[in-house]
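**Q** Sequence:
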Amino acid sequence: MTDAASPGSTSNDDLVAAAERPLRADAERNRRKIIEAARELFAERGLTTLDEVAERAGVGVGTVYRRFPSRDDLIDALYVEAMEQLVAIGSAAVELSETDPWGAIEYFLTNYLEMHAGDRSLSSVVLTDAHGRGRLEIGKSKMAPMGATVVARAKAAGVVRDDFAPTELPMSVIMLVSVMNATRDVAPGIWRRYLAYLLDSFRPEAARGPLPHAPLEFDQVPLAMRAAFSGR
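Using my numbering, you'd call the opening residue of the sequence shown number 1 and step up by one each time.
Any given hint could be a false lead.
[Stated by the list, open to error] Ranges of calculated distance between the beta carbons of each label pair, as one might list FRET restraints: (1) E55 with D162: 37 to 45 Å; (2) L47 with D26: 23 to 31 Å; (3) P69 with T99: 15 to 23 Å; (4) A157 with G46: 24 to 32 Å; (5) L198 with D26: 33 to 41 Å; (6) A92 with S178: 42 to 50 Å; (7) R193 with G62: 41 to 49 Å.
Source of the hints: derived by calculation from the structure; they are not laboratory data.
None of these values were measured; they are calculated from a predicted model.
Idealized CB from N, CA, C, for every residue including glycine.
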């Protein structure tokens, strides 16, 4: 599988270019209001209409449609911001892995999950492929090389078990976001307990024999995320 955009999909360059066009100060303020309103509504209700976003943002419906002609265009803007944060986390983890390979594993997972904890719209709307825009493939092309580097350095340093695969990182995120969503109103921070359990299981001393299944390949991760976050 290649990372080239398929017909009808959106490339990361296209998304970023649209997000980076300069705006007047008042237009930028309205854009931020719209994005924050969408983030809140998507977290509360899942997908909503642009009319509802306009009402929450306190701007005219026409203002929303001028900036974001469709709901997918608005989700794309949220996606670009999310990917910028994720790439920053991945880049910092890669840099840390040069001197502290185990700390890089902890840093990557903890910060990725804290990002989800602070923004419920990520798993419900933004980091999904609900409308076939290819966002998960774009994310894979950005994050997979960084995750592979962090894991390779951890294995070379002997701080993770020999059968630890790079895709254990995104699969751990899927598992713990499920815990996070299930316990958010009961015990909001308990996902950290289960993160600690998972991190302990990554250690070489945790290995008690061969694992019962081969790890996922990176090309399979978007399929797993689509099923986990899109409910399909």
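**Q** For a quick check of understanding: which of the numbered hints are violated here, in increasing order?
**A** Result: hints 1, 3, 4, 5, 6 break, sorted rising.
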